[in-house]
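Asks: Chains as they are written, first to last, in the numbering used here: chain E, 5 to 321; chain D, 106 to 599; chain A, 3 to 330.
Heads up, some of the hints might be wrong.
What the hints assert, rightly or not - Among chain E residues calculated to face chain A with C-beta under 8 Å, some are: (1) Leu127; (2) Leu130; (3) Ile135; (4) Gly146; (5) Pro263; (6) Glu298.
Hints in this document: simulated from the structure, not taken from any laboratory. Here a beta-carbon is modelled for each residue, glycine too, at the ideal position from N, C-alpha and C.
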Amino acid sequence: MKLLHSTEGRLAVIAAVVFLAMSALAPDRFLSVQNMTSMAFQFPEFAILALAMTVTMLTGGIDLSVVGIANLSAIIAATILTQVTGGGAGTVLIAFAAATGVGVAAGLMNGVLVASLGLPPILATLGSGLIFTGIAIALTGGSAVMGFPDATAWIGNSTVLGIPTPLILFGLLALAISLLLTRTGFGVKLRMYGANPLAARFAAINIDAMLIRVYVLSGALAAIAGMVVMSRANSAKADYGSSYLLLAVLIAVLGGVNPYGGYGKVIGVVLAVLTMQFLSSGLNMVGVSNFARELIWGSLLILVMIVNTWRATGRRT
Amino acid sequence: MTTDLVTFDHVTKTYSGITALDSVGFSIAAGEAVCLAGENGSGKSTLIKILAGVEQPDHGRILFAGQPQGALNPRLSAAAGIKVIFQDFSLFPNLSVAENIAFSAELGHGTRLVQRARIADTARATLARTGVDIPLTAAVETLSVAHKQLVAICRALATEARLIIMDEPTTALTEREVRVLLDIIRRLKADGVAVLFVSHKLAEVLEVCEKVIVLRNGQKVAEGPAADFDAASLTRHMTGRDVAEAPPAPLRADAPELMRVEGLSKAGAFEDVSFTLRAGEVLGVSGLLGSGRTALAKALFGLVAPERGRITLDGRPVPLGDPLAAAGAGIGYVPEDRLTEGLFLTQSILQNISVGRLDAHGASGILDIGGLMAEARDWLKRLSVKAPDPDAPVRSLSGGNQQRVVLARWMARSPRVLVLNGPSVGVDVGSKAGIHGIIAGLSAQGLGVIVISDDLPEVLATCHRILVMKAGRLIEDIPSGQVSETDLAHRLAS
Amino acid sequence: MSTLWTRNETLVALVIVAFCGLAALSDPGFLSVATLTDLLRGGIVLGIFAVGALIVLISGGIDVSFTAIAAFTMYVTAMLLNAAMPWIPWWAALLTGMGIGACLGAINGVLIAVMGLPTLIVTLGTLSVFRGFMLTFIGQKQITTLPPGMREFGRMMIVRGENADGSFYSLHAAFLVTAGAIGLTWFILHRTMLGRQVFAIGGSVESARRIGIDVRGVQFFVYVYVGALAGLAGIIHSSMARVANPFDLVGLELSVIAAVVLGGARLAGGHGTLTGTVLGVALIVLVRNSLIVLGIPATWQSVAIGVLILIGTGLPAWQAKRAAAQAA
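The task is simple: from the sequences and hints, build the whole structure.
Replies: Here it is, written out as structure tokens:
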């Protein structure tokens, strides 16, 4: 079975197995149009965060500040949406632009910390994540910002030709990141850097510029995820999506991204996202609580690491 | 007649069909220093592993003090007093000198609590045996390389060492430090400790050795009293070549000046280095380890930032200390340590070549993958890299082919000047000639090539001119036709 | 001399002094026994966690699951003792907690030391496994009636007094447990060969293997020990709070690691001191308790901690980067 030799091939099989298992467990409900639609609305927000995590992990780094960036961006956008009168599509666009700007600025800060000051990515993004979350708390006093114009709901709650907008957004972003990673010099360089940072320096790759761009990209993706969350929840709050950080790491690792850098494909991440969503929807239907999902996710993460490590060592010897 | 400490009796070891050691036999007596010379891939490391008990031989016997041994393991081997000092010393950078020295001994005592007095005593006593004074409480990470090596030697001595195996002992030492090391070795020999030097460059330690053994392709090709060998004859035995390669085609008299280096200085590394390089010229920079040659090589490519001086290429200054600017100006650098500095081991062969050409094929933002890969394949062919599957990870290639991949990466960028640091380190004899051919080709195309190497036959075979570097300074500038290998070796070491 | 000034401990101590100085200027009542006991009280649970995080960092790993171990342990212990052994004394309750914590730590130990998985990913995973398991299969409701042993421990004070303004101050006996944990860890790290092997592994795993250190065994010990400390911290937390709330503690892990890193421990392993860790914890507690005294609203707390982490780890990182650039 050649399919099973690649990480992505194995994942495709796992995704299919989970899908079939859930269909068998609750055929009438899991396979319903309603469930499919609700799944398509649910996963894009954390899937976009997983894309952000993937990009940083490919360089051998990590971005622990994605949830902080997402919430801070959402709160900035929410403040604009509630403070600026008029409330037409123009305001919404300005708010989204401002949010993306916040994400880019936050990512720039991470990039400078990692590339120019040489902080380990874990510490840099741990510290900056606290700062972003902290600013979000300080701006709002910890309470939710709500009362947006109707146009805000478009990004998270509408459909285009029957397809949920967040799903389209995720699809476009996944495609764009995939192209970026495989079809641009930037993408190839960041993978090469992840494979051997020293050799990248000796090959005259502009490492600082590349790392800064990586974290800016991660920040921008986090901000977009923040917009989706805000639009779906119709509010913004400093502590939304706190479980998404683990989930984003989990999806990236499950998707075959090497946490030490150098290997990872967007298709793997997409398959991992689908697996997670099938699993959690299906489990929800058979009455498993949210906490059990946490348990299952954690176990899955460890299981995947065990399988990947065993395969890697098996190949070496 | 005393019994020998260690005897190898027709020891053979094969790895998946490749014979690493072929019926090798020798013996080492107490208090004797032996040189084991051989190029990379000659079977040296296998021999060390078998002695250390890490690997088991397929055939043959190993005798300790005349007693045939059964299957060895690291514990048995260490208990017999065989201590290996690896090239990286395997110390704990964060711990003190005393703790590093005494750690193995303390583990051997099996006490649960830290015996601070005993640790200090052990450290003091073993340091005294070497006659060198290092503060016991200093953290090892703050020591010089020579002192780290000393700490590693002391650690071996702290646990009843009878035979100390030193892997590439002089690689990172300055000339003065080598002298200190030799003094220490003399003291150890007087104490009855045997020493086995394992290296591909042993001329420096010949004077303290009684015996030389040369390995080539897993076979013992020479053995005899150290007095019968010199640098040139060692090299000859290791490579198996009797005649030196032909010198390079002469440089055209009207070849224009390409690069000029003036007064380049970096405290503690090199001082006031000046030279010129003409188009099509192959310039050798040769010096012993610690002469500052690697720092200079890196400085030419911006990896080390000199404090003073300037580099100009075609009359235009090249910013110092910036590899991107150096690469942009047309300088390329092939590093000495291919595996950690040169290659992206897990990435494909083609990727490893094309990584330098991403910007050229991606001007519009989107990479022209087809063009990029076609170019890389073309380079595989031009440098005759033997790669059955160009999409396989580069680590699947042999040393010589890997080196060609790194060369191809830079050649694809059409540089003006290529700095090659140890161009054939870890490359087998056959591939070496191939790489020398590539260097000659570069020269014919009008590139300036700087070969940094202490492999004298290589320098003589490839370079038009040889700069001799010593203690950070260029002390001589010799046209290569006017010097013999022995003469050059003498000038480097004197 | 120069090494003293560039050490993180010195930096953190200076920041603490500056903080207290500024606080005393803006509120003369700041320098009081009450502030001190509040500070010490705030450091009890955090301190035990930090000591555990320190030993993991020294060994070259990282553990983010210890808060989940603590929450799991305190909840399960409270439930277990209530149901089966309400009669056992307070010290036995603490020991039970350490035992349960050690068992959970052993799970991390098996995954990391035996199977060789990356520590961050593994402990991220076990964090949610421990928490998810407790909330799914054991319970989600607070236990408001703690077992008698834990209740008794919750009431033990070593210092009690009245301030000039009539308010009371007190220092909980658990402070002694924290001090004991710090002392024990110091002893292990600096006076036992096991502790030296932890440092050795953090310095270079490969070298440790070559000289015959049982790397797996030492790593396994580290995660079990951290589990035991986390269990202990969990019991103390719920005893002091007089309630076992399964939703407590988780979320603290990054602040704890931040405190330890501020104190000079390196993520790469091999380096870290208990003095630095205690100072780091003191600074974090000070920021949490007393930011308001400096006229900074409490909502800016996490910004302040984030800035401290970036400065505290950024300065040495930047110095190291410059030194590397200088080297030939």
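Asks: Against each hint, give a clear statement of whether it holds in the structure.
Replies: Hint by hint, here is what the structure shows:
1. Leu127: holds, 5 Å
2. Leu130: holds, 6 Å
3. Ile135: Status holds, d = 4 Å.
4. Gly146: Holds, about 7 Å.
5. Pro263: holds, 6 Å
6. Glu298: holds, 4 Å
In this structure, none of the earlier numbered hints is contradicted; all agree with it.
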